[in-house]
Structure formats: structure tokens, C-alpha cells
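**Student:** First to last, the protein sequences are chains A and B. Residue 1 is where the first sequence starts when you use this note's numbering, and the numbers rise one by one after that. Residue 163 is where the second sequence starts when you use this note's numbering, and the numbers rise one by one after that.
Since the hints were derived computationally from the structure, they do not count as laboratory data. Predicted model only: the values in this text are computed from it and were never measured. It is possible that part of the hints are untrue.
Unchecked claim - With beta-carbon atoms standing in for the labels, derived distance ranges:
1) A/87 <-> B/385: 46 to 56 Å
2) A/6 <-> B/184: 24 to 34 Å
3) B/191 <-> A/25: 37 to 47 Å
4) A/11 <-> B/668: 31 to 41 Å
5) A/84 <-> B/180: 53 to 63 Å
6) A/5 <-> B/681: 51 to 61 Å
7) B/615 <-> A/7: 38 to 48 Å
8) B/405 <-> A/13: 49 to 59 Å
9) A/5 <-> B/474: 37 to 47 Å
10) B/615 <-> A/5: 50 to 60 Å
11) B/619 <-> A/66: 33 to 43 Å
12) B/619 <-> A/25: 49 to 59 Å
13) B/391 <-> A/7: 21 to 31 Å
Glycine included, each C-beta is placed from N, C-alpha and C at the ideal position.
What follows is each chain in one-letter form.
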Amino acid sequence: MIPAATLFGLGAALIIGLGLFGVILHPEPLRKVLAFNLLGSGVFVLFGVVARRGGGRLEGVPFGDPVPQALIITGLVVAFAATVLAVALVLRLAQADWTHADDSHRGGQGQVPQPSPDAAPDTSADLSPGLPPDQARAPSPRAVGPAAASRSVPNASPPAAA
Amino acid sequence: MSFPILIIETLAGGRLLVLALVLPLLGALLAFSTGGRAARRIALVTALAGLVVAAAIALQLTSSAAALDYAFGGWAPPLGVSLRADGPAVMMLVTTALVIAATMVYAGVDFQPAAGQREGRSGLVFWTLLLALWAALNAIFLGQDLFNLFVALEILTFSAVPLVCLNGRAETIGAALRYLLFALLGSVLYLLGAGLIYGAYGLLDLGLLAARIQADAGAAPPALWLALGLMTAGLMAKTAIVPLHLWLPPAHSGAPAAASAVLSALVVKGAFFVLLRLWFDLVPVPAGWLLAQMQGALGAAAILLGGVMALRQTRLKLMVAYSTVAQIGYLFLIFPLAGADAAVAFITVGVALDAGTAALTGGLLQIVSHALAKAAMFLAAGRIAARLGHDRIDDLGGVGRAMPLTLLAFGLAGLSLMGLPPSGGFAAKWLLLRAAVETGQWWWSLAILLGGLLTAGYLFRVLATALREAPDDSAIADARAGTGPAAPGPALAILLLAGLSVLLGLVPLGYWELIQIGRPGLYQPLGMVP
């Protein structure tokens with residue numbers, strides 16, 4: 001009979017492995033964010049196992065160890081904030097792509113407002129006014145992450161459809 | 163009791179450290195809640211106060227010659243959480259305060275709304291996040307608790323990522339998202355490692371853990387090594403060491419110049435500082451010859467690859483960003499050099515050093531001099547780009563005549579990056595080079611020297627072009643005619659940063675013994691991974 005803590009520990013390792021696989025190998029940002037959440041959940045389960053078993057000195061104490069539980073709560077808040085930030089960025093990226101697709105196929109009559117009208121003075125890229133937006137953003141940002149190969153924004157309309 | 167004595171009494175015993183955390187955080191909250199034009203004023207006042215606090219902590223450290231400790235609520239670890247300022251932490255605190263204050267002076271003009279207009283959203287976000295970022299960095303430098311360090315690293319990520327995409331363009335949002343994903347993977351690996359260490363020892367405090375690990379040296383549980391491996395990998399992704407550097411160039415070059423300066427100078431160093439804490443404080447025996455050599459190999463690869471990539475760039479800001487990739491490589495040479503036979507001692511510039519101390523001192527000097535130089539360089543590149551309307555290296559002709567102060571600062575910062583005497587970069591690279599030669603690891607000296615040559619190559623390209631006469635019809639002629647005399651503040655702030663990075667090399671080497679304060683028995687003979 002395998003003790004419960006060991007069983008949960010193995011489960012945590014499995015979830016962490018699955019999450020790591022997804023974060024590294026999925027090309028789409030949204031899937032990466034979901035995989036990151038899975039990975040985080042695995043880590044929290046592991047903290048739970050440590051709480052049940054007792055960390056270090058407390059090992060074998062019948063009432064368990066409250067410290068890892070407190071850490072899980074803080075970790076959850078942090079992971080939630082990270083997910084919100086990541087999803088917000090994915091949405092903005094999709095929106096920008098959408099605007100761009102509309103612009104280039106309807107002669108610049110984009111329906112979605114251009115992001116951030118009060119943008120900071122951009123100093124990195126070419127600011128010459130005559131350049132059409134197509135060329136200005138030639139290096140496509142769609143592939144995000146080292147293993148990105150395919151289209152990364154699932155819900156943006158493909159340029160041909162517009 | 164007179165008032166000054168009352169202040170000293172109140173702030174004695176490490177209570178200043180709390181101020182270093184609370185001040186920028188309070189500034190961030192105030193700036194965000196008041197908004198508008200007040201945000202900039204609040205940020206500048208906070209910067210001034212933060213500089214004073216950092217200087218006071220440095221004074222207290224040097225006068226007492228002992229680390230400053232503070233336990234929150236009087237609860238000592240393991241129950242409570244403690245702050246600790248030792249030599250390296252104070253060095254980083256002061257550097258951070260300097261760079262952030264100078265960046266704020268620069269950005270005061272950059273993010274200034276036109277007369278009669280409300281402050282834009284990007285301005286408000288910039289000031290708030292810059293202050294939050296500062297608080298996170300101070301928490302990293304002072305933190306002694308593995309989990310608190312995780313929270314500080316996350317606050318650092320959350321305030322750094324939006325700075326990348328302040329201009330809201332699709333390519334910068336993509337760069338920010340990629341940065342965020344790398345950083346999140348890094349922090350979750352770090353958290354996993356922290357959990358494993360807690361499971362093995364039931365402790366999170368660095369000092370107590372180090373004592374425990376030292377007590378059962380040689381019989382450490384395998385979980386410790388697994389945890390250290392995971393945490394190291396995670397922190398490497400955040401530090402952007404080759405091959406995990408892919409996120410850095412687009413993110414750092416796409417951000418507004420003031421944000422790039424802070425990201426490149428300070429944010430990557432925050433993650434690296436935790437790495438130093440792990441490998442020098444937590445595990446007192448530099449672990450394993452092979453592991454240290456591997457870290458060094460990544461560092462050498464970063465120096466060479468970053469240098470070659472910087473040489474191939476056509477855009478100034480991308481070149482400076484790749485230069486950061488290369489300069490981070492030098493930091494990873496600390497591990498093989500400080501981990502080598504520490505009994506090797508030698509005398510340089512009249513100071514006797516053992517190889518370990520030389521490597522760590524050189525590495526920390528590299529952190530500080532690169533922080534100052536790279537901030538100056540990004541700000542200078544930002545000013546040049548703002549003036550010309552582009553940052554193509556080949557079309558920089560005439561910049562030397564149009565903006566001599568800015569170009570001078572760029573050149574001075576370049577001296578430090580190349581490692582030419584008498585700059586701070588020279589002192590750093592000289593110490594690393596001596597440590598490499600004295601410990602018989604000559605192969606690292608090849609990387610250091612080649613890296614210097616590559617740096618000289620790409621910087622010379624910029625300076626040579628910028629000093630050429632401008633073609634008649636170039637944008638610079640219009641720019642010169644069109645704009646009145648610019649405010650001197652930004653140029654002086656850049657010059658101050660660049661000048662400091664050079665002057666750092668003139669500080670007598672013996673003075674850097676201050677980084678040994680509060681770090682007893684660091685350099686043990688080399689131990690092997692069980």
C-alpha cells in the first residue's frame with residue numbers, strides 16, 4: 001500500500017511534467033499560459049504534500065505543517081496575477097493583429113481603435129512617416145517562445161479572410 | 163534627547179532596511195492613486211529620499227563593519243522573516259538608487275505631456291511601475307527568505323514586463339509576452355526548488371539553511387541538489403544567459419529608452435543576485451567542478467555570441483541590447499573562477515587576494531559598472547533616436563556635431579564595457595582575468611579578451627559613423643534647425659552615469675573589501691556533488 005503523501009507526490013510530479021511539456025512545446029501563447037497554470041498547480045500540490053508530511057524538522061508530526069499551506073495561498077495569488085497579465089497581453093496582441101489585418105485590406109479603415117493613442121515616443125523603430133504599417137512591422141511578433149512555429153494568435157482572423 | 167539622536171535611535175539596528183522597501187512601494191501607490199502630473203513629482207521626491215536612504219545604509223554598514231539585520235515584528239527566523247544587508251546587497255542598493263534616479267531625471271523630459279494636456283496613460287504607468295520595480299529590486303537585495311525572494315522576483319517581473327510594451331505596438335506586445343513567458347517559467351522552477359528545499363529542511367531562511375547544509379556537508383539529501391538545479395535553471399532564464407537569451411533583445415530594444423535602461427542595467431541583475439545568494443551563501447562549498455565549468459561555458463558562449471550578434475546589428479538599440487547579452491556572460495565566469503582552488507593567492511595593484519575573492523569582487527564590480535554604463539548607453543541611444551527619428555547605425559553621421567555631450571557619454575560608457583583602463587569595467591575584467599590565469603583556467607581568459615575585442619569592434623562602428631560629417635540632406639540638419647536648445651537635464655544625467663562607470667575604476671581596490679562585510683567563511687575548499 002503506497003502512502004497517500006507518496007501518491008500525491010507522484011501525481012504532482014506528473015502534473016509538473018505535463019505543464020513543463022506544454023509551456024515549452026506549445027507554440028500558441030494562450031496554450032502556454034494554460035500550461036503554465038497546470039505547472040503551477042503541480043507545484044502547489046507538491047507544497048501540499050510537504051504540508052501533509054511536514055517539512056524537515058516537523059517530519060512525522062501528526063497535525064501537519066501549516067507553513068506550506070500559507071505559501072500555497074500566496075503562490076496562488078501570484079499565479080493568478082501572472083495569468084491575468086499574460087492573458088491581457090495575448091488579448092492586446094490579438095487586437096493589434098486584427099486591427100492590422102483590417103487596415104491592410106480595407107485601405108486603412110480599421111474599425112478597432114488603434115491601441116494606446118497616447119503612446120510613449122517610440123525610439124526603437126524607424127519613425128519615417130512615409131512607411132506603410134505593413135513594412136514598419138515586418139518582423140512578425142506572432143511566433144512567441146523558442147519553439148513557436150505556427151500562427152500564435154488563435155482567434156485573430158487570418159489576413160485572407162478579411 | 164535631541165532630535166538627531168532620536169532619529170538615529172529610531173533607525174538603528176537595521177530599521178533603515180524597512181525604509182528602503184517601504185519608500186518606493188509607498189511612492190508607487192501614491193503615484194498611481196494621485197495620477198496625472200503628480201505622479202512624476204512623487205517619483206522624483208521618492209528617488210531623492212531613496213538615494214538618501216541607500217547612502218545612509220551604506221554609511222551604517224561601513225561604520226559598523228557588520229551586516230545589518232532586521233527581523234519583522236521581532237520574530238526571528240525560522241518563525242519570522244528577516245532582512246539582511248551585507249556588503250554586496252548594499253553595493254546593489256546604492257547602484258540601483260543611482261540608476262533609477264538618473265533614469266527619472268532623463269524620463270522627466272521624455273514622458274512630459276505637452277503644456278495644457280493631461281498626463282498620458284503611458285506616463286502614469288511608467289512612473290508607477292518604475293517605483294514598483296525599485297521596491298522589488300530592494301526586496302531581492304535585502305531578502306533572506308527563499309519564498310520572499312520568489313515574491314520579490316515576481317513583483318519585479320510584473321513591473322518590468324508592461325514597461326516593455328508601453329508604446330502599445332504589436333511587436334512590443336509580442337516581445338513583452340515572450341519575456342513574460344520566459345520569466346514565468348523561470349519563477350515557477352524557482353518556486354518548485356524552494357518547495358523541495360522546504361520539504362528537506364523545513365526552513366526557508368538563507369542563514370539558517372546555510373548553517374544546516376554546512377553541518378551535514380557531504381551528506382546533503384539529493385532533494386537539495388535537485389532543488390538547486392531547478393532554481394538555477396529558472397534564474398538563468400530570467401538572467402537571459404545564452405541559450406535562454408532569446409527574449410532579451412526584442413524586449414530591451416522595443417521598450418522606451420528610459421525603460422530599456424532600467425531593464426538592462428538592473429532587472430536582469432536582480433535574478434542574477436539571487437543566483438549568487440544560492441551558490442555563495444546557501445551552499446558554502448562551491449558545488450562541483452563540472453557544474454561550475456558548465457556555468458562558465460554558458461558565460462563564455464554568451465560573451466562571444468552576444469558580441470558577434472551585436473556586431474551584426476543595423477539598429478543602435480538592438481546592438482546595445484545584444485551587448486547586454488554579452489556582458490551578462492562575464493558574470494557567469496564568477497562560478498568556475500570563485501569555485502576553483504581558493505588557496506591560490508596573488509597580489510594585484512598592491513592588494514593580496516585569493517582567487518575566490520578576486521573573482522567575486524570582479525563579478526560584483528562588473529555588475530555595478532555594467533549597470534551604470536548600460537543605463538547611460540541606452541539613454542544616450544534613446545536621445546539620439548529621438549533627435550534623428552531613427553536609430554540606423556549607418557545613418558548616424560553628424561551626431562557627434564549635433565549632440566556632443568550625449569555622444570561623449572556613449573563613448574565613456576563604451577570604455578567601461580570594453581574594459582579599457584581606467585574604467586570600472588577594466589577593474590572588473592582585470593580581476594576576472596587574473597583569477598583565470600592564477601587558477602590555471604586560461605581558457606576563460608581567452609573568452610574575456612575576445613569579448614573585449616568584439617565590444618571594441620561594435621562600439622567603434624557606432625562612434626566612427628557618428629563622428630563623420632552629416633550628409634547635407636540628412637534629418638540631422640532639419641533636427642538642428644527645428645529644435646531649440648534642449649533641456650540640459652537628460653544629457654547631464656546620462657553623463658553622470660557614464661562618468662561614474664569610468665570613475666569606478668579609480669577607486670582603490672582595497673576599498674572593495676567592503677563587499678566582504680557580513681560574509682564570513684565564504685570560500686571553502688572545493689567540494690564535490692555527492
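**Student:** Take a look at whether the Cβ-Cβ distance between residue 5 of chain A and residue 681 of chain B falls inside 51 to 61 Å.
**Tutor:** Since the Cβ atoms of residue 5 of chain A and residue 681 of chain B sit about 38 Å apart, the hinted range of 51 to 61 Å is violated.
**Student:** At the C-beta level, are residue 87 of chain A and residue 385 of chain B separated by a distance inside 46 to 56 Å?
**Tutor:** violated (34 Å)
**Student:** Quick check on a hinted range of 31 to 41 Å for residue 11 of chain A and residue 668 of chain B, using CB atoms only.
**Tutor:** Since the Cβ atoms of residue 11 of chain A and residue 668 of chain B sit about 59 Å apart, the hinted range of 31 to 41 Å is violated.
**Student:** Does 53 to 63 Å hold as the CB distance between residue 84 of chain A and residue 180 of chain B, or does it fail?
**Tutor:** Taking Cβ atoms as reference, residue 84 of chain A and residue 180 of chain B lie about 29 Å apart, which means the hint is violated.
**Student:** Range first: 50 to 60 Å. Now tell me if the beta carbons of residue 615 of chain B and residue 5 of chain A are that far apart.
**Tutor:** For residue 5 of chain A against residue 615 of chain B, whose Cβ atoms are near 56 Å apart, the range 50 to 60 Å holds.
**Student:** A range of 33 to 43 Å was offered for this pair. Does it hold for the Cβ distance of residue 619 of chain B and residue 66 of chain A?
**Tutor:** violated (58 Å)
**Student:** Given a hinted range of 37 to 47 Å, is it respected by the beta-carbon distance of residue 5 of chain A and residue 474 of chain B?
**Tutor:** About 54 Å separates the Cβ atoms of residue 5 of chain A and residue 474 of chain B, which means 37 to 47 Å is violated.
**Student:** Evaluate the given range 21 to 31 Å for the C-beta pair formed by residue 391 of chain B and residue 7 of chain A.
**Tutor:** holds (25 Å)
**Student:** Is 49 to 59 Å respected by the C-beta to C-beta distance linking residue 405 of chain B and residue 13 of chain A?
**Tutor:** violated (25 Å)
**Student:** Should the hint that residue 6 of chain A and residue 184 of chain B are 24 to 34 Å apart at their CB atoms be regarded as holding?
**Tutor:** About 44 Å separates the Cβ atoms of residue 6 of chain A and residue 184 of chain B, which means 24 to 34 Å is violated.
**Student:** A range of 49 to 59 Å was offered for this pair. Does it hold for the Cβ distance of residue 619 of chain B and residue 25 of chain A?
**Tutor:** violated (37 Å)
**Student:** Falls inside 38 to 48 Å, the C-beta gap from residue 615 of chain B to residue 7 of chain A?
**Tutor:** Violated, at about 58 Å.
In this structure, the earlier hints numbered 1, 2, 4, 5, 6, 7, 8, 9, 11, 12 are contradicted, and the remaining ones agree with it.
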